[in-house]
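Here's the letter readout for the chains.
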Amino acid sequence: MKQFFMLLKKEQLENIRNYKIYWIPAIFILLGILEPTTNYFLPQIIESSGGLPEGAVLEIPTPTPEQMLAAIVEQFQTIGIAVLILAYMGTIAGERKSGTATLLYVRPLSFRAYFLSKWTMASVISLVSVWLGFLAGYYYTYLFFGEVELIKVLQMMGTYSVWVLFIMALLLVASAISPNSGFAAAIAFSTYLLIQLTDGLFGLNWTFSPGKIPQYGLEWLIGAPDSSGLWGAIGIAVLLILLLFAIGSWAAQRNKAKTKV
Amino acid sequence: MNIVEVENLTKRYGAESAVEDLSFVLEKGTATALIGPNGAGKTTSLSMLANLLSPTSGKITMEKDVSLGFLPQYPQFFPWLTAVEFTELAAKISGVETKQARLQSIQTLEFVGLESSLHKKIGSFSGGMKQRLGLAQAIVHRPNLLLLDEPISALDPTGRREIMNLLKSLQQDTTILYSTHILNDAEEMTDQLLFMKDGRLIEQGSLKEVKKKHANPYIQIKFRNHTSALEFVGSHTWKCEVEENLVLIPVSNSGPTMQQVLHILSTEKQDIIGVEFQDASLEEIFLKVVAAK
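If you read the sequences in order, they're chains R and Z.
In terms of my numbering, the first sequence is residues 1 to 261.
In terms of my numbering, the second sequence is residues 1 to 293.
So that you can see chain Z by itself, here it is in the shape it has in the complex:
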């Protein structure tokens, strides 16, 4: 069931096009990663979905009872408010009852790891704490649609891991659309990928679909030396490449399977160090798709 349907969304500033003809759907309870280089139109797309920007043309259809949570890339806060005062205000404006708002604020701040800073003024927060607070304000009213603009890019590796874990735990009840350029993390939490470049959607699909379409997996055999690698290649007719002491065999319908390779290696008693199945990373696929378009 679709919670959001985006049809031919376009945003132009004069002759300049920030987003052009963008179409996709978000299914309930899924996580979608919006991936693209700087200036691809990710923030503009999210701002239109968050109703901050009006599209020049196109349509956004949301399910009737959508409650929205939004985290901008660089969330700005009133520095004179405390964390709990801010999240409470955010909850109340989003329609949460006064008593419940206080309770939910405290619970949410604990959830994002700010339990020791509930009553500290936001002006004294570090960048990482502000990012956590940003997430807290986005989820304090228990939204069913979460739009996150680069939620982890400003964080150190530990902070990134923690926030990713938090987001994964939210995924059960919430539909998440997030933009990122940290593709290793996107690979971890995504049901759908949207690749954008120059305001246009250049690829979309599940991780499996995109990989099937663009990744070129291969079997990598590591020999003890270059001579052994060359001997192995000379004794077989498979299409393969040699790089120093490595032999790379592309996985294809005409090539051998991993099982066949292992069988041959064990019967021929080759001088090998190891065998690995190598798949393209999301980053490699993304670079390939961007370069192709």
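Chain R with its partners taken away, still in its complex shape:
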């Protein structure tokens, strides 16, 4: 535990000094704001870019606030996740490749504390970014499209946070098992897509799929998700996160010989 906190402090300093603590939330805030504002100002945007051909009529239905929040989540699920993967793909593989890990690995290092400290810091920044981004998006949605009950938004965000924690564990494991950052990103992206694809194919029968968590999150906005499906998916995600901790710590230790000396 002692090593965990000292390594966490190192991670915190790293994230502050390489500005990740600033630019990742900034991107998510931008993503959150962009969706409601572009939708709201779409007629003006079309007008300023030359307008429609004469006689053409474009009917744009005004989205409901719930639809707008769902669109924000959609942005997070594509661009947001890509940003997180690119930001943290080198967390372990990069340290090994550059040789900066060598001076830690020659010490009596607890690889469990090492892996957990990295996952904790990456998760904290990711969650803060997602929450700030979503709250910014929620504010503009409220301004332009109307109100959604805050409690529903919080329930949605809480559910989505489990998904973010799961993705970060997956990404850190990819980094622990990969020879370099690019490979880690490739593994993380493909696994992410595979989860989505599997859920798309078998999701109807497999209600406990962790890939369903973002969907369950959105269902809070229009009522409440199927309770057993939600808790089943969250339970499985938590178990998978624990399993990923074990795999990540083991892989980081096993691959210590690959660090540049």
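Incorrect hints may appear among the rest.
What the hints assert, rightly or not - Listed next, with one range per pair, are the computed distances between beta-carbon atoms:
| id | chain 1 | residue 1 | chain 2 | residue 2 | range |
| --- | --- | --- | --- | --- | --- |
| 1 | Z | 283 | R | 246 | 50 to 60 Å |
| 2 | Z | 206 | R | 2 | 56 to 66 Å |
| 3 | Z | 116 | R | 179 | 33 to 43 Å |
| 4 | Z | 158 | R | 124 | 22 to 32 Å |
| 5 | R | 22 | Z | 283 | 49 to 59 Å |
| 6 | Z | 206 | R | 242 | 34 to 44 Å |
| 7 | Z | 2 | R | 108 | 18 to 28 Å |
| 8 | R | 240 | Z | 116 | 45 to 55 Å |
| 9 | R | 16 | Z | 158 | 34 to 44 Å |
What the hints assert, rightly or not - Here are the simulated BS3-like cross-link-like pairs (lysine-lysine), alpha carbons at most 25 Å apart as the crow flies:
| id | chain 1 | residue 1 | chain 2 | residue 2 |
| --- | --- | --- | --- | --- |
| 10 | Z | 121 | R | 9 |
| 11 | Z | 293 | Z | 213 |
| 12 | R | 258 | Z | 130 |
| 13 | R | 258 | Z | 197 |
Hint data in this document are derived by calculation from the structure and do not stem from the laboratory.
Note that the Cβ used here is the ideal one computed from N, Cα and C, for glycine as well.
Since chain R is already given, all that's left is putting chain Z on it; use the hints.
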């Protein structure tokens, strides 16, 4: 008393052998120089001792309470940390208590000559400063076994001298194993020499033992000219060589001693400039051993 015993250590990558059947011991409080050309297996051997690499076969036995310090050949640091933050982290992970870690970090950085750069970010350090910081992180937790991979090769002559002096001052309390190819420096600080080539240990022993076995010392007499040198050789039956105005007499059981040579030179009133005892340098011995194997 042995702090480390290495027995038949082997590291292979597929069919390629990086280290083959390496055996040696490190006695407590001694300095051992691991000498060899590039690709000899020095870094691989040190990495196995530092527990970064697992051997393919063989055994490394360390004394129970060994605390290890390791300096890689090209130490890499987190550029966004300051020198004191990095050494403090290194000390803490090595088990030093938080308050003590800060104190020891500052003391160690002062010891290696980085007192004016304690709070500077490592990213702004020069190569020489990084090498000093590398040494600092290796000794900050007061290890009793220090493994150093080419600790001085990246430094200029002044830096090399300073680091060698630092290492010598550590030798009292620490067992040191260091690899090098700067043999003049190795000659200065070594109780044991390990010569490696192609992953194998080709010679080992103390400097005295290795020199006794491989060095061919000789007495060199410098005459004023070549004729005087030839006259001297013609008037004596010793086995010797003439090179321009120099006469070289190998030191051996059958040859004369330095005393005898000096006596003859003084009685014969030869036309000489000087007399010197010439011993082979470690570099000459190393080249000879490597060529022979």
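* Asked: What hints, given by number in increasing order, does this structure fail?
  -> Violated hints (numbers, rising): 2, 4 and 6; every other hint is consistent with the structure.
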